[in-house]
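S.K.: Below are the chains, spelled out letter by letter.
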Amino acid sequence: MDFELEWTPEQEAFRAEARAWIEANVPSIPDHPDPANLTREEYELQREFGRRLGAKGWLYPTMPAEYGGGGLSMELAMALEEELDRYNMPLPPYYDTGGKLGGIAILVWGTEEQKAHFLPMILRGEIRTWQLLTEPESGSDLASVRTTAIRDGDEYVVNGTKIFVGSSHGAEYSWMIVVTDPDAPRHENLGWLMMPMDLPGITVEQMDLLFVGGERGAASGIKNTVYFDNVRVPAFNLVGGEGNGWKVAGTHLEIEHGLLRSAVRDDPLTERVFDYARNAKRGGRPLLEDQDVRDRLVDFYIDAEVTRLLHFRNYAWRGQGKQLTYEGAQAYLYQKRGQLSKARAVLDVMGPQALVEAPDEWAVADGHVEVHQRGAIVDQHPGGTAEIQRVIIARRLGIGRDVREEPGRLR
Amino acid sequence: MDLLLNEQQRMLQSTIQDLLRRDFSKEMLVAIDAGTVDVAQGWPALASTGLLGSLVPEEHGGVGGSFSDAGVLFEELGRGPVPGAHFSSGVFAALVLQECGSADQQSAHLPAIASGDAVFAVAVTEPEYGWERGDVQATAERTPDGYTLSGVKLHVPDALEATHFLVAARTGGESVGLFIVPSDAPGVACRTLPGLSTGLGEVLLDGVAIGEDALLGGASDGWDAFERAMLRATAVLSAYQVGGLESVFQMCLEYSRTRRQFQQPIGRFQRVQDHIIDIVNHLDAARWTTYEALWKLDTGRPAESGVHMAAALASEGYYLACNAAHDVHAGVGIVREYGLTLHTRMSRTLYHHLGSPRYHRRRLAGALGLQPGLS
Numbered sequence: 000m001d002f003e004l005e006w007t008p009e010q011e012a013f014r015a016e017a018r019a020w021i022e023a024n025v026p027s028i029p030d031h032p033d034p035a036n037l038t039r040e041e042y043e044l045q046r047e048f049g050r051r052l053g054a055k056g057w058l059y060p061t062m063p064a065e066y067g068g069g070g071l072s073m074e075l076a077m078a079l080e081e082e083l084d085r086y087n088m089p090l091p092p093y094y095d096t097g098g099k100l101g102g103i104a105i106l107v108w109g110t111e112e113q114k115a116h117f118l119p120m121i122l123r124g125e126i127r128t129w130q131l132l133t134e135p136e137s138g139s140d141l142a143s144v145r146t147t148a149i150r151d152g153d154e155y156v157v158n159g160t161k162i163f164v165g166s167s168h169g170a171e172y173s174w175m176i177v178v179t180d181p182d183a184p185r186h187e188n189l190g191w192l193m194m195p196m197d198l199p200g201i202t203v204e205q206m207d208l209l210f211v212g213g214e215r216g217a218a219s220g221i222k223n224t225v226y227f228d229n230v231r232v233p234a235f236n237l238v239g240g241e242g243n244g245w246k247v248a249g250t251h252l253e254i255e256h257g258l259l260r261s262a263v264r265d266d267p268l269t270e271r272v273f274d275y276a277r278n279a280k281r282g283g284r285p286l287l288e289d290q291d292v293r294d295r296l297v298d299f300y301i302d303a304e305v306t307r308l309l310h311f312r313n314y315a316w317r318g319q320g321k322q323l324t325y326e327g328a329q330a331y332l333y334q335k336r337g338q339l340s341k342a343r344a345v346l347d348v349m350g351p352q353a354l355v356e357a358p359d360e361w362a363v364a365d366g367h368v369e370v371h372q373r374g375a376i377v378d379q380h381p382g383g384t385a386e387i388q389r390v391i392i393a394r395r396l397g398i399g400r401d402v403r404e405e406p407g408r409l410r
Numbered sequence: 000m001d002l003l004l005n006e007q008q009r010m011l012q013s014t015i016q017d018l019l020r021r022d023f024s025k026e027m028l029v030a031i032d033a034g035t036v037d038v039a040q041g042w043p044a045l046a047s048t049g050l051l052g053s054l055v056p057e058e059h060g061g062v063g064g065s066f067s068d069a070g071v072l073f074e075e076l077g078r079g080p081v082p083g084a085h086f087s088s089g090v091f092a093a094l095v096l097q098e099c100g101s102a103d104q105q106s107a108h109l110p111a112i113a114s115g116d117a118v119f120a121v122a123v124t125e126p127e128y129g130w131e132r133g134d135v136q137a138t139a140e141r142t143p144d145g146y147t148l149s150g151v152k153l154h155v156p157d158a159l160e161a162t163h164f165l166v167a168a169r170t171g172g173e174s175v176g177l178f179i180v181p182s183d184a185p186g187v188a189c190r191t192l193p194g195l196s197t198g199l200g201e202v203l204l205d206g207v208a209i210g211e212d213a214l215l216g217g218a219s220d221g222w223d224a225f226e227r228a229m230l231r232a233t234a235v236l237s238a239y240q241v242g243g244l245e246s247v248f249q250m251c252l253e254y255s256r257t258r259r260q261f262q263q264p265i266g267r268f269q270r271v272q273d274h275i276i277d278i279v280n281h282l283d284a285a286r287w288t289t290y291e292a293l294w295k296l297d298t299g300r301p302a303e304s305g306v307h308m309a310a311a312l313a314s315e316g317y318y319l320a321c322n323a324a325h326d327v328h329a330g331v332g333i334v335r336e337y338g339l340t341l342h343t344r345m346s347r348t349l350y351h352h353l354g355s356p357r358y359h360r361r362r363l364a365g366a367l368g369l370q371p372g373l374s
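In order, the protein sequences belong to chains X and V.
Under numbering that gives the first Met the number 0, the first residue of the first sequence is numbered 0, with each subsequent residue one higher.
Under numbering that gives the first Met the number 0, the first residue of the second sequence is numbered 0, with each subsequent residue one higher.
It is possible that some hints are incorrect.
[Claimed, not checked] When the alpha-carbon atoms are kept at most 20 Å apart in a straight line, the in silico EDC-like pairs for lysine to aspartate or glutamate are as follows:
hint : chain 1 : residue 1 : chain 2 : residue 2
1    : X       : Lys280    : X       : Asp365
2    : V       : Lys295    : X       : Glu5
3    : X       : Lys321    : V       : Asp1
4    : V       : Lys295    : X       : Asp1
5    : V       : Lys295    : X       : Glu3
6    : X       : Lys55     : X       : Glu43
7    : X       : Lys222    : X       : Glu136
[As the list claims (entries may be wrong)] Partner residues are not named here, just some residues of chain X that face chain V (Cβ under 7 Å, in silico):
hint : residue
8    : Asp1
9    : Phe2
10   : Leu4
11   : Leu287
12   : Leu296
13   : Leu308
14   : Ala393
15   : Ile398
[Unchecked claim] Facing chain V, from chain X, some residues (calculated, C-beta under 8 Å):
hint : residue
16   : Met0
17   : Glu3
18   : Ala276
19   : Pro285
20   : Arg293
21   : Tyr300
22   : Ile301
23   : Val305
24   : Ala315
25   : Trp316
26   : Gln319
27   : Tyr333
28   : Ile392
29   : Gly397
30   : Gly399
31   : Arg400
Rather than coming from a laboratory, the hints here were simulated on the basis of the structure.
None of the values given here were measured: they were computed from a predicted structure.
Cβ coordinates follow ideal geometry from the N, Cα and C atoms, glycine included.
Kindly generate the complete structure, drawing on both the sequences and the hints.
M.R.: What follows is the structure, given as structure tokens:
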């Protein structure tokens, strides 16, 4: 086994090329502990950088080159991500569910015409795409969605409400699951639509939430409610055919359930918390003299490390062509539960100062700690609750069943 | 980046699996547990595979394999769990001899360890149990031609099987030396402790006279070197516990499908599922931290924090997984012949071996620089 990449001279040459290009092109955007504070101007800078990456195939480096991806190996993609990470810049550099989730569903289930139409604009960064899944009455039971898309000539007419959608600063497209046949049996009644967001009848309204996180630098910041009122969308935009929406969703849900992490990084929160502990005092004495504090910091560290290793295992095995079954949901469950126990360890160690928001002078680590206290709670639900991850693990392991559930199609 | 076993490791794995099927069937392991078959009876089979020399250099008759290779072997042994002195002698003592012993001592003893002709057990812990230097109270008094050892060594694994002990004793002040003591030396008395633990013994040292050449490395203080060896051995012990965890997980999975209550397999109940999911999470947390720690040892990376983390997770995980497995199995789980209690006993026995989870967590804090005054 080898827990690190060994770089060949060719790969090192690519890394050097990437480093030089990034240095010449990367925009300077301040670090926002709360991504809700990303300004419109900063977002436009991210998009412009995304288009430049996209023109080189580097926005979604492992997607097929014929559709605008980079066609690069996992190793080269990792080198690229590491170089971007030096600027605290993830890939893609803004919230976009087009290339990593929706785009793969299109790649697996779309017709040649659909792939040729939708994929290049996603992969080149010409559009930013949101995902529209959850509804007011459909959370864990996603297949029970009620938003309808009824065929009318060459169009579908869409009516309904989606919640917990997207980010700040809008999107050009969304993908969504909808009911195409209200009379068909469960799981056979759904369709999967690419929805242009500038169509008449679409209303986007910001939700008021405790926090909205995501990958640093590309976190969504806010979530919205999206209303569809007789929105007419071309029938061409239905991917996978009528009645197959649940299967198409199986592809992106498979990835969202724990396979979304790409290059594996150390969690920067760990160093922030350790730094605090090394410098803080209680009763005039160093905080680290307290054995309980040291024990809680070790709890924190172990949660972070196990989460990192399980994601790393999944990333490596995917790259090595090993079929994953329960491992995605397992890593995701560990990540979710790990965030909560880490948040409690931090609260134990720091006391109420962990709850002070930036830019207040008492905020710890420029507010990153307080944001984590909120984010740990919020992270329990997206992509399926912890309980849903447990259901997936049980089915995939075959607990109590002789036939193990098959994973969603990824190719 | 490669998280699959290599060709050679897959061969090692299949060799040892063949051995287990042939010589350590569940019936055999249950019989050893019940005391109707002597654990020593399995020793020739273990010795025949060469696994006792896995970490012994080729020049001393071993295989000179990597820690990851040893991890593959001991993970399979842990699945049994196969009891006996394979770890104590082939891993722990072999590493202590390499780290602390002189060239002469190594060539005198390592070949016999590798072949299985000698069985070494490591006698460090005492009634005031612990794995720190200060926990060693036994004494080594200087005599004109050697030393006299006195003290009580307690919870020593595989004591009754051992032909030799590596004994830690105070040589003066805070200094702790390591001594090679034949188990048949006058003044040495051993017995196995009764109870839930398995294979742990008491070793009484009553004025045991040994020669000057019994002191490892001729060093009146060998404790730091001993700790280096202990750290490496710990990673292999974690692999053994990972094997145990894997076995417990498989037992529960199988039982969840075959045991029916309320007209359905019990694995259909989410409360039962949750126990098994907790087990697989303990398993994979222990597994991947252990594999990474072994890889760090093999590649010369700083491994201290990785080994301590893996050890804490493997010991805690094995213990808790057995608890969860008993929840899944209820009454059936405590029937000896079913086999689960082999793991339950082993998980308790190994919980403190080479340091408790608390010891490893506190060492981890030190390795991470979380000590006052280190900022």
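S.K.: For every hint, state whether the structure bears it out.
M.R.: Hints, verified against the model:
1. X:Lys280 to X:Asp365: With Cα atoms ~19 Å apart, Lys280 (chain X) and Asp365 (chain X) stay inside 20 Å; holds.
2. V:Lys295 to X:Glu5: holds, 15 Å
3. X:Lys321 to V:Asp1: holds, 11 Å
4. V:Lys295 to X:Asp1: Cα-Cα ~9 Å, so holds.
5. V:Lys295 to X:Glu3: OK: Lys295 (chain V) and Glu3 (chain X) at ~10 Å, within 20 Å.
6. X:Lys55 to X:Glu43: Within the cut-off at roughly 19 Å; holds.
7. X:Lys222 to X:Glu136: Distance ~17 Å between Lys222 (chain X) and Glu136 (chain X) Cα, so the pair holds.
8. Asp1: holds, 4 Å
9. Phe2: holds, 5 Å
10. Leu4: With a closest approach of 5 Å, the Leu4 (chain X) hint holds.
11. Leu287: holds, 4 Å
12. Leu296: Result: holds, 5 Å to nearest chain V Cβ.
13. Leu308: holds, 4 Å
14. Ala393: holds, 4 Å
15. Ile398: holds, 4 Å
16. Met0: Since the shortest Cβ distance to chain V is 6 Å, the answer is holds.
17. Glu3: Since chain V brings a Cβ to about 7 Å from Glu3 (chain X), closer than 8 Å, the hint holds.
18. Ala276: holds, 7 Å
19. Pro285: With a minimum Cβ separation of about 4 Å from chain V (threshold 8 Å), the hint on Pro285 (chain X) holds.
20. Arg293: holds, 4 Å
21. Tyr300: Holds, about 6 Å.
22. Ile301: holds, 6 Å
23. Val305: Since the shortest Cβ distance to chain V is 5 Å, the answer is holds.
24. Ala315: Holds - the Cβ of Ala315 (chain X) comes within 8 Å of chain V, reaching about 4 Å at its closest.
25. Trp316: Hint holds; Trp316 (chain X) Cβ to chain V Cβ min 6 Å, cut 8 Å.
26. Gln319: Given a least distance of 6 Å, the restraint on Gln319 (chain X) holds.
27. Tyr333: holds, 7 Å
28. Ile392: holds, 5 Å
29. Gly397: holds, 7 Å
30. Gly399: holds, 2 Å
31. Arg400: holds, 7 Å
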